[in-house]
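2 protein chains.
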Amino acid sequence: MDSIEEFSVRGRLADTGEGITADELQLAARNHGMPLEGLRYDVTPPGLHYVLVHYDIPATNAGDWRLELNGCVEQPLSFGLTELRAMGRRTIRVTLECAGNGRATLQPRPISQPWLQEAVGTAEWTGVLLSDLLRLAGIREDAVDVVFTGADRGVERGVVQDYQRGLSLTEAIDSGAIVAWEMNGGPLPPQHGYPLRLVVPGWYGMASVKWLRSIELIDHEFDGFQNAVAYVIRQNLDDPGRPVTRIEPRALLMPPGFPDFMSRHRFVAAGTVPLFGRAWSGWAPIERVEVSTDAGVNWHEATLDALGNDELAWRAFAYDWEATPGEHVLTVRAYDASGREQPIEAEWNRGGFSNNTAQRITVLVT
Amino acid sequence: MDSIEEFSVRGRLADTGEGITADELQLAARNHGMPLEGLRYDVTPPGLHYVLVHYDIPATNAGDWRLELNGCVEQPLSFGLTELRAMGRRTIRVTLECAGNGRATLQPRPISQPWLQEAVGTAEWTGVLLSDLLRLAGIREDAVDVVFTGADRGVERGVVQDYQRGLSLTEAIDSGAIVAWEMNGGPLPPQHGYPLRLVVPGWYGMASVKWLRSIELIDHEFDGFQNAVAYVIRQNLDDPGRPVTRIEPRALLMPPGFPDFMSRHRFVAAGTVPLFGRAWSGWAPIERVEVSTDAGVNWHEATLDALGNDELAWRAFAYDWEATPGEHVLTVRAYDASGREQPIEAEWNRGGFSNNTAQRITVLVT
Chain A
1 MDSIEEFSVR
11 GRLADTGEGI
21 TADELQLAAR
31 NHGMPLEGLR
41 YDVTPPGLHY
51 VLVHYDIPAT
61 NAGDWRLELN
71 GCVEQPLSFG
81 LTELRAMGRR
91 TIRVTLECAG
101 NGRATLQPRP
111 ISQPWLQEAV
121 GTAEWTGVLL
131 SDLLRLAGIR
141 EDAVDVVFTG
151 ADRGVERGVV
161 QDYQRGLSLT
171 EAIDSGAIVA
181 WEMNGGPLPP
191 QHGYPLRLVV
201 PGWYGMASVK
211 WLRSIELIDH
221 EFDGFQNAVA
231 YVIRQNLDDP
241 GRPVTRIEPR
251 ALLMPPGFPD
261 FMSRHRFVAA
271 GTVPLFGRAW
281 SGWAPIERVE
291 VSTDAGVNWH
301 EATLDALGND
311 ELAWRAFAYD
321 WEATPGEHVL
331 TVRAYDASGR
341 EQPIEAEWNR
351 GGFSNNTAQR
361 ITVLVT
Chain B
1 MDSIEEFSVR
11 GRLADTGEGI
21 TADELQLAAR
31 NHGMPLEGLR
41 YDVTPPGLHY
51 VLVHYDIPAT
61 NAGDWRLELN
71 GCVEQPLSFG
81 LTELRAMGRR
91 TIRVTLECAG
101 NGRATLQPRP
111 ISQPWLQEAV
121 GTAEWTGVLL
131 SDLLRLAGIR
141 EDAVDVVFTG
151 ADRGVERGVV
161 QDYQRGLSLT
171 EAIDSGAIVA
181 WEMNGGPLPP
191 QHGYPLRLVV
201 PGWYGMASVK
211 WLRSIELIDH
221 EFDGFQNAVA
231 YVIRQNLDDP
241 GRPVTRIEPR
251 ALLMPPGFPD
261 FMSRHRFVAA
271 GTVPLFGRAW
281 SGWAPIERVE
291 VSTDAGVNWH
301 EATLDALGND
311 ELAWRAFAYD
321 WEATPGEHVL
331 TVRAYDASGR
341 EQPIEAEWNR
351 GGFSNNTAQR
361 ITVLVT
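Quick mapping for you: the protein sequence lines, in order, are chains A and B. Just so you know, we're using full-length UniProt numbering here: the first sequence kicks off at 1 and counts up by one. Just so you know, we're using full-length UniProt numbering here: the second sequence kicks off at 1 and counts up by one.
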C-alpha cells in the first residue's frame, strides 16, 4: 500500500455479533470517558472529564501562540494570550458531551470511537466572549459562517485536514461561545486544548475546537469535512442527513453500591439506597427527571437541585430507593424546558450520533 | 441470579479471533492510557497519566482522612493529612506502568482491562517516606510483611474486598516508597488516590495503593487476593506461578507524523524524521535504547538524555531517521543496567502481565 487513501477509509457498521475491533480499541485506549462515579462532582476534575482527540494532541506553547481572526471582518486581528487576557475574563460552567456518546451500544454498531455512555464532563471554562472578539474586528455584512481551525492535523476517509468546524454567525454569537485559556481555574490541560480553545455551550463537543489558532468569517455556508461529512445524522450513505448540533437531553445515575471488577455488575445491601445523578440538555434547562427501579414499568419523579446560573450545565437529581433483595434494573430519563424528552430507546443513525437511549443499570440487592 | 459469585467469575482467555468483549470495553471506557504523544512531556500531566481503578473511585475527604499504622509495631499510630505534612516533604519522579500493559496484544488474549501499550505515565509525587513512618511507629522483630489497604471496595472472582496489597518489610523500606498527598505539585486528583496514596518506585502500579487508609505490619507473608491470586504470572490455572513485582524494561516511540483518525496509521513526509521516545525499567537505570526502522532487521543505537536523579524514572531517547518513500515498520527496545533487555516478543502468561513486547509502528512515508 502506498497511498494515504488506502489506509484511511470510510467507517463501516459492525457485523452481527462482531466484537469490538482492534481499531476501536486503539481509540478507546487513547480517549476516555468520565467514570460514572465522576457524576459525584459538580465540576469534573480535568483528568476525569471525557476527552476525544481526533488526531494527536499537538505540541503547543502559550508563549508564542497566536490566534488569527480574519475573513469577512473590517479589520483582521491577531491575538497572543496576553492580549486576550487583557480583554476580560468570563467564567462559564458548561457540560460537554461527545456527539458519539452511546455509539457502541447501537445495533448495528457504527465502527468509530466506541463510547458506552460516559463521554461527558462539566467544567468551568474561563476566557473571553467570542462575540466580543468578532465585534472588535468588525463583522462585515457579507459574513455568513465562522470557521474555527485547530492545530491538530490528521486524515479521515482520505481527507488530510487540520481539524476545523464552522458555526453560523448567529450561533457563534447567540450560543455564548467563549475562547478559553483556563479550565477549572488552571491552564488548559494539553488534551483539552492548551493553550486556547473554543467552548460552545449547549453543543456537542465537536463544535468546541481545541488548540484554536484561527477564526475566519466566510461569506457562504461552511462545507468542510467535519460539518458536511463527519458529524451528520443519516440513515444510510445516500441520505443527505441533518447536521449534529446541540446536545439531546440525557440523565445518568451514579451506579450505587460496589462493582465486580470485570463485569462492572453492581451489588448493594437491602434498605434505603440514595440514588444520585446528573441530567443535562443543550437545548434548554432540565426541568424533570424520572427514575424507574423496575426496568421502566413504573417511574418516579426525582428531586432536582436548584437551577444554577449556567442553565445548560448539568443539574443534580436524587431519589431514595427502597431496595429489596433480588435483581433490579434501574433506569432514568430527562425532560427539558424546550419540551424535549429523553427516549427509552433513541433512533439509530449510521454515525452513531446523539444516542441518548436511557441508561440501564442492573443491581443485585443482597 | 441471586448471588455475588454468579456475577463475579474467573477471567477467561478470548477465543481465536474473538473481538474485544463488552466487559473489556466497559473497562477501556473507564480506565485510560497515556496517548503516546504524551511521551513528549518529562512529567505527564495528570489527565494524561494512565489510570487503572479496580472498583470505583471512592468518595473521600482530605479534612477528616485518617491513615492508621498498626500491627507489629511498638506504637500504633494514626495520622491526619496535617500531621503527615508536618513530617517532611519529599518529591520523587516516578514512572508508573500498569502490570497489564500490553495485555490485549497477546495471543490468546487474557480477558481483563484490554491495554495495548499506553498504560504508563511519569509524575512527581510528594509525600513522606514510608520508612520514616514505620520507624516512628517502631518496627517489631516479628514484622514480615506490610499490608496497605485502600478505601476502594469491590468484588473479584467472588471475593468481596477492599483493595489491598502487601510488600515485604525489606521492599517497603528499600524501594524508597512514599506516602504521597501531591501529584505534580497539586493535590492528588480523585482517580490517582486523593487524598493519600502509596507510591512504590520501580514496581508495577498495583503496588501503589490509592486512597490509602491503613498500613498494617504482619508477622507472616501476606496472602491476600491481589498478591496471591490476581497479580501472579502463571501459564495455566494449576501453575503456582510467581508474583508480579518490578517493571520490566520497555521503550516507546512517540509515533511520528500524523495519524488517520480510525486506523491510527501514520503518515510522514520523506526526509530526516527526528524520532523521540522514552524508556524505563523498574530494575535499574536504562543504559541503552536501540531503534530499528526496518521491522527489526537492523538496529541503531539511540542517543540517550542524561540520567536524572530519579534513576527509575523514564529516560528520553532520540534517533534521526532518514525516511524514504514507502511503508516502514519502526520498532525499539530498551536495555537496563541490571542486564535485562526488552524482548522482541515477551513470553505469554495467563493474566497478561509484564508484557514488554517491543512496540511496532507502521508508517507510510510519502
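Among the hints, erroneous ones may be present.
One side of the interface only, derived from the structure: several residues of chain A facing chain B at Cβ under 7 angstroms [stated by the list, open to error]: (1) Ile20; (2) Asn184; (3) Pro187.
Beta-carbon label-pair distances, calculated as ranges [stated by the list, open to error]: (4) A/Gly186 - B/Gly11: 55 to 61 angstroms; (5) A/Ala62 - B/Ala59: 47 to 53 angstroms; (6) B/Asp42 - A/Gln235: 44 to 50 angstroms.
Keep in mind that the hints were calculated from the coordinates and are not lab data. Positions of the beta carbon are idealized from the N, C-alpha and C atoms, including for glycine.
Results of checking the hints against the structure:
Given the 7 angstroms rule on beta carbons, the hint for isoleucine 20 of chain A holds: about 4 angstroms separates it from the nearest Cβ of chain B. Evaluation of the asparagine 184 of chain A hint against chain B yields a violated restraint, the C-beta minimum of about 11 angstroms exceeding 7 angstroms. A cut of 7 angstroms between beta carbons decides the hint on proline 187 of chain A: the least distance to chain B is about 10 angstroms, and the hint is violated. Evaluation of the 55 to 61 angstroms hint for glycine 186 of chain A and glycine 11 of chain B yields a failure: the beta carbon distance comes to about 39 angstroms.
Our hint of 47 to 53 angstroms for alanine 62 of chain A and alanine 59 of chain B is violated, since their Cβ atoms are close to 34 angstroms apart. A hinted range of 44 to 50 angstroms holds for the C-beta pair aspartate 42 of chain B and glutamine 235 of chain A, which are about 49 angstroms apart.
The earlier numbered hints that this structure contradicts are 2, 3, 4 and 5.
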